[in-house]
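Novice: Heads up: the protein sequence lines correspond to chains V and A, in order.
With my numbering applied, the first sequence corresponds to residues 98 to 388, in that order.
With my numbering applied, the second sequence corresponds to residues 76 to 415, in that order.
Treat the hints as calculated values from the structure; they're not laboratory data.
Note that this is a predicted model, so its numbers are computed, not measured.
Glycine residues also receive a C-beta, built at the ideal position from the N, C-alpha and C atoms.
Among the hints, erroneous ones may be present.
[Claimed, not checked] Chain V regions said to be covered by chain A (calculated; three or more residues, Cβ under 8 angstroms):
hint, stretch
1, 219 to 228
2, 274 to 287
[Claimed, not checked] A short list of chain A residues far from chain V (calculated; beta carbon distances all over 10 angstroms):
hint, residue
3, TYR241
4, THR254
5, ILE293
6, LYS325
7, ARG335
8, GLY344
9, PHE358
10, GLY377
11, PHE396
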Amino acid sequence: MSGRNVYMETITYLFKRNKRFLIAFTVFTAILLTGLLGPILYPVDPYYMGFPIQLPPCWSHPLGTDRFGRDILAQLLYGIRTSLYIGFLVAVVSTFLGTLLGSLAGYFGGWLDSIVDGLTNMLLTIPSGFVLIIVTAYIPNRTVEILAVIMSIFLWPGYARGIRGQIKSLLNSDFIILSRVSALSSWRILLEDILPNIMVFIVVNFASFLGSGIWMETALSFIGVGALRTISLGSLLYWAGTLDAIRRGLYWMFIPPGIIITATVTSLQVLATSLEPVFNPRLREVGIAEV
Amino acid sequence: MFFSSLALSRKFLISLLKRITWLILTYWITISIIFILPRLIPQNPAWNYLQSLYQQYMLYPETLKAYEIRLLREYGVGMPLWWQYMDFLVRTFSGDLGTSISFYPAKVVEIFMRAIPWTLALLVPSILLSWTVGTLLGAYIGYKRGKRIEKIFMSFSFIISNIPSYWLALLMIFTFSFTLKLFPSGGALSPGITPSLSWAFISDFLWHYTLPFVTLFIIWTAGWTGNMRALVSSELESEYVNYLRSMGVKDSIIFRYVMRYAMIPQLVGLGVAMGGVVVGNLFVETVFSYPGIGYFVSAALGSLDYPLIQGFFVLIVGFVFLSNFIVDLLRLALDPRARV
């Protein structure tokens, strides 16, 4: 239990001393709350086409309307919600895949290890961004969930390798050897001895997967291979492109989604890198404020 | 010199052979997947193409039927799957990547050859310049660790490197093309201008080139800066730096060692980035309608031009594999620690 306290101490330290962490935390929480509560607090139907067309930002439509008279703020709020949802799906699926395969490979070794190693090698050699775009383009009737699974397939390998390394180094520690000597089952050792020790690593990766998921979905939707029937930050930008927002000067259509994407991804990246010292004690001494 | 000492070791040769086999195997699996995928999906791109022809030129339905049969034969439709697969492999390795549907009757290889100079012209200078500026900047702010200037630069590079390139491209067009009317909003050349060594061509080319180049340069410089700073600061925490410090060695001398080691991953990064140039930049090229590889890929995705996608895929993934392999060899030559 003493390990927990070190984590908690470091996290409170982060909040008190690391200004960058604090800013990132505030920004991400704000975006999260906007995505969750926004559509409830601003109950305008994002698909409703009855408003005046191409209206610049004004009091009744804070972010204006598009060529079909749809309210942009309502679209943006729904877009944030969808993008966060996709990000969480990607983070959950790829964390699950990576943790499972990485720990199987690291703990049991042998042929399981070679298979997982082969798979990770293969997925890390290919130009994954390009392959991802082509593969998604081939899938008809893409839904948000299918997209999330496909993205996760390309995301887990690096992380699984990390998990495998962590477990390999843990296997030599005394408490694991003790558990093994006392003939505890492998699953119990994995769940009770190993999992708590790699938990922070998992959490940090979850945060960066969340960012990558949002980032990748936006990119895919922008070039038209995302889940385009769903409003997301990426499909908002896609529509801004196809509806010719630039040459019509409708800056309110494409500026807000970009700001939100950049803010979300940046804040998640800062959160992940600031949390790193929590599991890497070597970085802890040199001052978390620096990272 | 490194290579000569490497080539002598038998262990190294064996691991090299292993890597090559592995690479070929991976390549074969990857291109097989891209062959199988569209065939699992019930969509008929040839028929889409014919329908668009039908609507555009109001052909007789009978003509259309005959044309369809000819098209289908050319694309090998109707043959058993294994036959198509063998045909695909044989044709691919003899250099015939088929005919594009949306740019019919242009061959895929022709389109690729037409696009690659544009992509190289855009990506190689922007990667090299952003890498140079980013590395210098990153090394400088890594050296100024804990100072105010480092914090300001770091925050900037963090944010800028996370801006989606296509969004920045949209902003660029909006500001410099739509509002200020300084640069064209897209394309690579004005109509009527052909590539030659004349002033008219060069100035027109540069005029179109500026916005996509600057877009990529801004984002990538931020990325390289952050990368180099992280490398420098992680080297500064290592044992040998502590040791040198305790010996009272001057900072400037320590920094020279730090730079030597921090440069290795940074150089490898440059190698990987240069190896990836054949992919083109789908996003920036598409937004600026710059006729490089990425532009054609995204056009092919839009019209479900399977032969074009498949052909480009086979070529691009092959190039990327090859260059990654070369980068690996270079890393072995550069970094004595990786040679174990």
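Novice: Taking the hints in turn, state whether each one holds.
Specialist: Now the hints, each set against the structure:
1. 219 to 228: holds (count 7)
2. 274 to 287: violated (count 0)
3. TYR241: The claim is violated: A:TYR241 sits with its nearest Cβ about 5 angstroms from chain V, within 10 angstroms.
4. THR254: Non-interface label on A:THR254 violated, nearest chain V Cβ at 8 angstroms vs cutoff 10 angstroms.
5. ILE293: holds (13 angstroms)
6. LYS325: holds (21 angstroms)
7. ARG335: It holds; A:ARG335 is separated from chain V by about 21 angstroms at its closest Cβ, greater than 10 angstroms.
8. GLY344: At roughly 15 angstroms from the nearest Cβ of chain V, A:GLY344 sits farther out than 10 angstroms, so the non-interface label holds.
9. PHE358: violated (7 angstroms)
10. GLY377: Given a closest Cβ separation of 6 angstroms, the condition is violated.
11. PHE396: violated (7 angstroms)
Violated hints, in rising order: 2, 3, 4, 9, 10 and 11; the structure is consistent with all others.
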